[in-house]
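For the record, the sequence lines run as chains A, B and C.
My numbering applies: residue 30 is where the first sequence begins, and numbers increase by one.
My numbering applies: residue 222 is where the second sequence begins, and numbers increase by one.
My numbering applies: residue 46 is where the third sequence begins, and numbers increase by one.
Fair warning: there could be bad hints in the mix.
[Claimed, not checked] To give an idea of the interface, some chain B residues facing chain A are shown, with a C-beta separation under 8 Å as derived from the structure:
id, residue
1, 247
2, 250
3, 251
4, 278
5, 285
6, 337
7, 400
8, 401
9, 413
10, 420
11, 433
12, 436
13, 441
Please keep in mind that the hints were generated in silico from the structure rather than gathered at the bench.
Since the structure is predicted, the reported quantities are computational estimates derived from the model, not experimental observations.
Just so it is clear, CB atoms sit at the ideal spot from N, CA and C, and this is done for glycine as well.
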Amino acid sequence: MITHALPRFFLLLLIALAIGTSNAATLQDRINAAAPNETIHIAAGVYGGAIVINKQLTLVGEPGAEVRGPGVGKVITIAADDVTVTGLRITDSGLNLFDDDAAVFVTGNRATIENDTIANSLHGIYLKKVSGARILGNRIEGKTTIAASSEPVEKGVGQSAENCDTTLVENRRGNGIHQWNCDGNLISGNDISETRDGIYFSFTNNSRVENNVVHRTRYGLHYMYSDGNVFENNTFTENAAGAAIMFSKGLTIRGNRFVNNRGFRAYGLIFQSTDNSLLEKNDIELNAVGLSFSQCIGNTVTGNNVRGNYIGLKFGSNSDDNRFSENQFVRNLHPVETSTAKGDSNKWAVKGVGNFWEDGADLDFNRDGIGDLPHREIDLFGVLRRDFPAVAFLSDSPTVKLLRFANERATIPGLSTIDDPSPLTSQFWKIRAHRAARAIVPNK
Amino acid sequence: MNFALSSPFETHALHALLAREFRAALINRYFHVFCALALIGGATAVLFSEDTNATGFFILQIALYFVSLFALLTGVSSAQGEREEWPLLFAQPVGRGAFVIGKFCALFLIFGGVLLLLFLPALVTGSAATMLLRLYFQTLLLAAAFVSCGLVAGFLANDRSQALIIGVSAWLFLLFGVDLMALFAARWPLLQSVPDLWVAALMLNPLDAFRIEALFALQQIPAEAANKTPLAAWWIDHAALWFSAIAVMWTLALIAFSAFRLERWEE
Amino acid sequence: MIAAENLTKNYGRTPVLRGLTLRAEPGEITLLVGANGAGKSTTMKVLAGLIRPGGGRATVHGLDVVTDRINAQRLLSYLPQSPSFHLRLTCAEVLRFYARLRGVIVSRCDAMLELTGLSEVARVRTGKLSGGMRQRLGLALLLLADAPVLLLDEPGLSLDPSWRKRLQGTLQFEAQRGKTVLITTHLVAEWNGVADRCLLCGDGVIERELDPTDLPHDFGDSTSSLHECDREMPSPVSVENELRSIVSI
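So here's chain A without its partners, still in its complex pose (with noise of 0.2 Å):
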């Protein structure tokens, strides 16, 4: 019985395969032959890449389509520009950083790219000098892991585990979203987790990145000389850093979340050596350091929530001319950890109104939401943070509130400060917005 059941399944797995590789060989072949706009209906079943679109067309998938590359290369090239891939489950690329694998590689410019599914490949979508691209409601999943028989890709992939898979470590990893050398693209609803960074610019301009989350991954955002950017309603959350915003300008970051970046030295959000941008109502909780600021000039930094992070504020030296009111800096166990000395050009006071500091003084006998004293928010522990870790088993320790108590009277000398002119009390967004209430009543 057995004996003849053997062929018969042998049989079956090689018609199987003779159709999916068919599959793969019509659907390039489909490309090669559709006319420019032609739209190409992608049904279920796996097609083989990799495929390579060179001229203006429209690919949607079916529910259950996907275009498996062959773990080497990339799975999909778009070279044309006014391309759309959606609805696919793109899988497979190869994994050499240095050749640029990715699922899709795009170098056409006006991309869409939506609601595809992005999984066991280096980098996701990776955008290469192209503008204005539309990156829309995708889902990346890096590839964590690769089978222990495949042969390295590169040294330090990961450690053999007998037969079993193994890591892939993060910084072989690709990144979810990569642009280089692009402008005015759009990146918007994607869910992008476990690659090695969410989203990564790099001379990109005039690009606008908004309602994406970006988790379990190293840097969420990998930013770097790209300017005039706008990020709003973004999440970066469970990553080693938030984001990491460096040597730009111009930019404008409202309303997201850097949450739960937790690991040694993990960053909510740095900031460092960026000038002129605007940082607005973001929340930023639970980090290891909320934000960090280094060597920026004039920036504005307004509205913020730091809240619960090791350290709330880490403020280099070299900055100046930034801007910092109505932030909150409330239950961290570090307020600030700076080195700057009094006479700094940076205001932490805007038009009279300051921040608000969770453990300074309500004296506030005007009752118009701002401190009666100036607040003086101090580094009690410096570079012993860095000299002696342990001094963490200090953090909000009665006599770390004692010395910053005392300091708030009589400067302690030797010790970096921050010093707000116009603190800001608990009740000051309550009587700013009674008095915005009034302000609309007419007076009767």
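Fit chains B and C to the given chain A structure using the hints.
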């Protein structure tokens, strides 16, 4: 003089001691003030906190400063309350350890009730019942340690003012002194090479262990930021277990010391 | 029975007891008298298990007060010189506490309050009692447990003469019931004819035994006299009748 271990557990004696302490507490006006403050504190925590986490943080501050001090003062007051009566009390056929244990048990139960007042508003209005209940038990253990500390101070001293000086000094030392010394010691290069020793000294202090537990375990403030040694990491990961152990250890040690002190006491 | 042999005790470098030996027998009232600093109170505290002697041995009905303290204490009741009580508790609460502590039935408390004339102040906090009332409450405690050995350290100092006389009658009655009664006092003359034995303590030892029927009027610093209390003295017969009714509780 033999230390009659069996006597503390004579039920009639323990019953008498418990009943007396309860009675004394119920008619003590400071106790009434404490109950009222606990309730006000609990209500304030709810009213002025925007979420349950903030409520927990508020209560944590109350526990750290207020509950610890009040527990200590209660212990001092209870031990000193009948200082003049000792010749009569200790001539009774009951092991002197029984007086310590009886007092402690009664005060522990009383604190168990009073602390409910502190947590009740948050429990009624909040949703994070598990976190609050855990904080309640941790606060109770903290109170137990400081009640015993107060008992030692009360039994060591010859009069109430001396007892208060000893007790409050001990409280200030544990609350501020240990940390202040630790902060200065942390700058000492020799000690920086043995961070575990430094952390151990800190974690032996119930107030520090309580703070670490409450901040990192209950409040979930990222402790990963502290570049820890493996031992320090274990401490933070098992902060609740460690705090419970250290609080129980302190309590037992202080009760044993109180009993020893009473046993050695001569008029 | 109380037996002390060669008791020694130093307070710092000052010797208080220097080998004191005494016996007090059941059925007798034994007085321990002497000047201030003679070692009377220290002896009583050793016997009550409150302080440890530096040397020597003391027993109560054969039980060592040091090595078998709890069992020895079960056999005795001790009334300190100035008994203090929990200031916030009432007389009744104090008595009930000690009754429970010693495993005595609580119903005896009311009888003790009656006997010591404290029924009317049973619900008054002890902090509001006069010195004499506190002393009477101490007496109530002394008798509460019905222990076979009674130790009283200067029992009459705060009592008015009539209550001092009543105290004597009570202790005579208890002695007649077979109890061992050991009393230290400065008011020696008052015990003329009441005590069965009188030991003169001086410089940490028992110097000699005095004739209990011919005790001096004044000893130490007391200025009281026996004649002062003649006027209000209750009849010994009435005290005895009252006590007999209590014994049955």
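Which numbered conditions among the earlier hints are violated in the structure presented, ordered from lowest to highest? Checked against the structure, the hints that fail are numbers 1, 2, 3, 6, while the rest are satisfied.
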